[in-house]
Amino acid sequence: MTSQRDPVWYAGRLVQWGLRPLARPAQEAEYRELVERYFNDSLFRTTVRELTDGLGLHVLDASEHGVVLAPQDESIFALKPADFRPGSSKVDDRLLDGLAQIAIAATVFPRARDLDEDPDIVRAPVTVDEVEAVLRVLCERLSVEARGAPDPNASDENRGLVEAWRVYLQRLDTIETRDSRKAMRATRRIIEYSLDRLRDFGCFTQVRQGSEPAWQPTRRYQVMVQQLAGTVLFQIARETLDAPSPLAGDAT
Amino acid sequence: MTEASAASMNDSGEAGERPGVDFAVLDSVAPGDASPTGRASGPAGVDSVGDGWPIDLTRRLRVLLHTLPLDGMRRGDAIRDAELRHYDGLVLALRVLDVVIDRLGLEAEADREVVTRAFRPVLSAMDDAASVPVSPKRHEWMLDKLLGGLRNDGDARRPFREEYTAIDDDGQAQRHALEFRLLFDAFHPSGRTVLRPSAEACNLYLGLLDLDVEDAQAAAEAVVESQLARGRFDEAVHSARQARIQSVRFRDKVLQILRDTRRDVDRVDWKVEAPRTLNESLAHLERRVAVERGILGAADERLEIMPDEEAGSRRAVAQVADLTRDCLLRHAELHEQLIGARNVFLDSQARQAFAPKPSRPLPDLADDVLEPLLRMPITRADRLFKRGFPPFAGPRVPVLASLEGLVSWMLQPRRPQPRQEIPVEPIDATDLDAELRRYPLEVRVAAEALINGADGEVRLSRLLETARASQAPSAVLEVIALLALQGFATEDRDTAGVAAELLVGERLEDPLLYGDDLLLSAVGRHG
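Chains as they are written, first to last, in this note's numbering: chain A, 626 to 877; chain D, 844 to 1370.
Just chain D, with the same shape it has in the complex (with noise of 0.2 Å):
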């Protein structure tokens, strides 16, 4: 970890109020136990350890215990089942934010299917390389376990929290957590769920910088126009993704504000830091679309002189073109967006003056509310409940009776039923020939006519009885058993030439064939 992306986490910290992102102090440790050196507390110890712990040093700690989940990804990779053991856990988890974050913001955000397809070809090049046989379903269990392990599925999606030690103000050692998140499933407008980064995750991805967004944005895009301008074009399309990369978490940035401001007004200063923040947005935003706007231009200028033949360089600067496009799109929404901010306060302030506010502190609702109930005697409990119940399902809508709509209900006509189509089953016409047809002709015949010959009913066993007496050879008694068979079982019924019923209890006595006795008919149809 360079010290730059080190102060780029600090600065999400700082500017991060919210919950997730700053750490707690969750648990003073007495100095005697936590002092590694077992140095003692007073005056000159503190000098000694305050002057020795340097601020910067739990900044950068913190944005190192930020990598411990995908490092524990890594170390996963060891004792996976043994049939995912090839795939490499910390390359796929970072392609899981690469393909998450380029899409942050747009219509179509990342969701579950969105990751699968970026991941087919992915998982599919490291099956070869272990020369194990490309699989969907291994596909989606391995994606399974990097979602499930990026969203800390496996501590019901809490956010991750890590521990460490740091020396405070009076030189002391102290316990604090930080907990944050890198990816979580969000709840879209459309309904479906999309798989969205935090902040955190943001900037660990990007490994920024140590510069404000704002500048290493204007630092991206002067790379691409100077690449443009001197002809090295994929490495312009490589500094126009940055670019992009930059436009994305500035836009986050943003929206985060225009976020808290319109879930609760009193997380965000709008005395000082919103404002300025916002008015130098504005300022850059109106800069970079200027900047944007000359590199499209010099881009479509390339493109226009530049000779067919050059086609790698053409796409490359196409490319460009295509990305910075997505720029201006987003800094052109963003703008609108920037335009109104001080609308959503000022609205935002007045909705939410009347909304039923949140007490502080906010309840642990098995021990704050669930316990106390459990030990209320019933009937109290009972008559809270009629109170605290309803917020949980909802407004229920009361049903009105209207008069006249019974009356027209119960008057109305018949309504005229549609004419049914008669379903035509289409027989299969060879489904019975076709066990008959391995016989002979003469020999389906000669069965036939013995059946037909029968007066009325007959049973099989008797049928067969003529059948020998009258020398027939046995494939005629096999095609008589075979029809008998066909008019007796279910699905054949309507189609066999046979109709067959079961005499319970009745051998069939034949040194042929044996089973229960059938009584046969002979029907119309002829096979």
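Extracted from the complex, chain A is given alone in its bound form (with noise of 0.2 Å):
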């Protein structure tokens, strides 16, 4: 590499090939010198720390395997919920969406101490009913302690105060009362477009179960999801706890 140019142009390579997920430095000369240089190299290392916290990106993680970026909140690099499916802009399908994605990463990460593994491991594939069950399973389980409870209001409905799992439950219901495979189908789709989008996003590879399809996470996919359950989704989960009893106020 020569070093005629600024560092900061070197910094600036590097996180382009950091936004190519697919990109290797083992078979990339200019990404393996970069990364070697970020290891090794304690000023290009704060350029790189520098650039990218001002472009509002983390840097999870680097290694020969290449570098792990994750957008920052309101960054411009964030993808936004509603553009996970574009031409939805209902809250119901974003909430779902969400819902999905929550329910893949516990799906390949079903235990806390997971999350603590070695990301080289690759954990085993998961498929859209092993996805579909984490949620049903809960969702029913809610389902049942709420029996008895007063049905939420008319009101509550309209301005949002439902619970989630009950838009989850009532999808399901809705179409099924029409056609019950097809209702099947229904929900499993969310999650199946859930993990056909990340595929697109380098986090998943298709891979076959016998005859089934199913989804392989990238290395990638599980560096982001384990750096990240600790901050983002734990601070999630501590405000979820920290929050009101969920029907009370919170009209906004």
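Just so you know, the hints here were simulated from the structure itself, not pulled from any lab data.
Incorrect hints may appear among the rest.
Claimed, not checked - Mimicking SDA-like on lysine to any residue, the simulated pairs with C-alpha atoms at most 25 Å apart in a straight line are:
#: 1; chain 1: D; residue 1: K1229; chain 2: A; residue 2: A737
#: 2; chain 1: D; residue 1: K1114; chain 2: A; residue 2: E742
#: 3; chain 1: D; residue 1: K980; chain 2: A; residue 2: Q834
#: 4; chain 1: A; residue 1: K715; chain 2: A; residue 2: D698
#: 5; chain 1: D; residue 1: K1229; chain 2: D; residue 2: R1239
#: 6; chain 1: D; residue 1: K988; chain 2: A; residue 2: S836
#: 7; chain 1: D; residue 1: K1096; chain 2: D; residue 2: A1175
Join the two chains into one complex using the hints; note that each chain is given alone, in its own frame.
So this is what it looks like as structure tokens:
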């Protein structure tokens, strides 16, 4: 690598490589040299860090596998939930997509201590059924808990105060009355769509498990969930625990 | 299991304060229920139980527990699908570990393909012994079972989990759970997925003596030297192989420290433990490299003076030299890593100081995150998703419009179309004739004459009628029908000598043939 350019230029190049999820240092000489430089040259590392910070990115991991970047809050690089499913702006759809995302991560990392494992270990592929089972079991448990409690009134529904699990089960019931097979496919389709979109982002690859399609998490996805589960998700979990009871206020 | 190997496992357990290596106390059992003797807890009981429960016993038990998945594979032989029962699961499982450990740290680490290649002859030999025909498909199936068993596919590839009872310091029986892996898929920088053995599997397979790794390696190499000197070449090859295994394990130990440091500096004790291990390793490595150079020199010298007639011995010594060269190469690479190890720590510390620090304890995603979200009113959950969603997909690269690029694109001259090659479809000249050639030439000529003799288009039934009227033999009628069918068949239409169109609703009326009637016309080609 020539050293005629300013280190910032090289830092910019490294960020560019990091934004290409399919690029690998093993296959790109420039990328490999930049990753090595990131390891060996503390000044360069600082430059990369400052640059990514300014752009609104975190460097989650740098290794021989490449650089894993993640968007910071409000970053221009952050994928908005609404962009995940172009053409649909319904709150319910966004909600179900978000739940599917967490359920997928929960299926890949079923126990808290899985999040602490070496990200180089390839985790088992997941199927749509497995992810759906995680969501369904939880929703049904909450449904049983809520038995005997008064049903949410129409005004609560209009104000978006109904609990998320009801939306998930409603979606299933609404279609089930017409064609139960289609209803099964409807909830599964949401998850399948999420997995396919994640595949587009280089987070999964599709494999076959017997005759069933399955989605294999990539190292990049594992790093992202493992690193962020401890920060963003954990904060979410904290906030939810601190939150007032489900139907108490919060009409915004 | 020998005491020696038990102690060696203990080494690994102590060194590895990392997930999947150490056991965790999962539940405490009430003393009354737990103690098989029903012994009351209290000072007297504590002493007697404590005295009677050597710590080493637990360590050995833990070693033994690591072998249970392998034992399970042996038991699995009897209940496997009938076609796979003649394979010895335990032997094959050990062979998988052998192949995988042998390649550890090499550029071409073992993957499924490598293991398949290594297994083909072994499985074929087992097929032969059971008088079962060799089947690559069955081999793949068996390999699936083996790798699945070693990876614990049956439990979603989670670590194996074995529970056992031990008596604690207070003399109370407690249930513990030991979690460990034997084999796992790992991401390789090249993008492949490779098979890697866990540290436990390495220890289990290598069956280490009750010695430090360094000493074990020195011993192995001393044996090679002595065997070479005494002319016991085949044994020297075996010992050189052992020395290389030690070298693999030694390398693994050091790299694990560096890997853990890169990942999280807090995982490794860089005040005392790691610097001591690395310094010792460096000194050990320098000694080993000197010894290995000596062995290599001796082996090369032997090769020079050995007469060609001793081909077997020459081969053995050459093998010793190759194995030693491999050790040297590994050690040279490791030396480089060790020299830079301190920097790895300093750099990792600097890097990780600014990375988003995971909170502890880590959440259970289903119970601590998903469930509270499901309980939330949707508007609140939606707001949280706005923040929690982006990290799951990674950064999305925003697209910037470039007016310059757009204008250049719009104004660019039309790209010249590359000259299209006109594909020439080979005409299968024998295709039509093969069927026709069954008939003598005069029959074919007569049939064609009748078709050509018809003025323009003619119905097949009419043509056959005319042919009958002219006393044409059945063979001529058959050829006419055959040509008509060739003209009608889509694939033959371009090459047939007759064009034929279906007359919808019209039946062919002929004593020899039946079906839809066709409208025929002669075309240019002559068959």
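Status of the hints after comparison with the structure:
{"no.": "1", "hint": "D:K1229 with A:A737", "in the structure": "23 Å, holds"}
{"no.": "2", "hint": "D:K1114 with A:E742", "in the structure": "24 Å, holds"}
{"no.": "3", "hint": "D:K980 with A:Q834", "in the structure": "17 Å, holds"}
{"no.": "4", "hint": "A:K715 with A:D698", "in the structure": "22 Å, holds"}
{"no.": "5", "hint": "D:K1229 with D:R1239", "in the structure": "14 Å, holds"}
{"no.": "6", "hint": "D:K988 with A:S836", "in the structure": "17 Å, holds"}
{"no.": "7", "hint": "D:K1096 with D:A1175", "in the structure": "16 Å, holds"}
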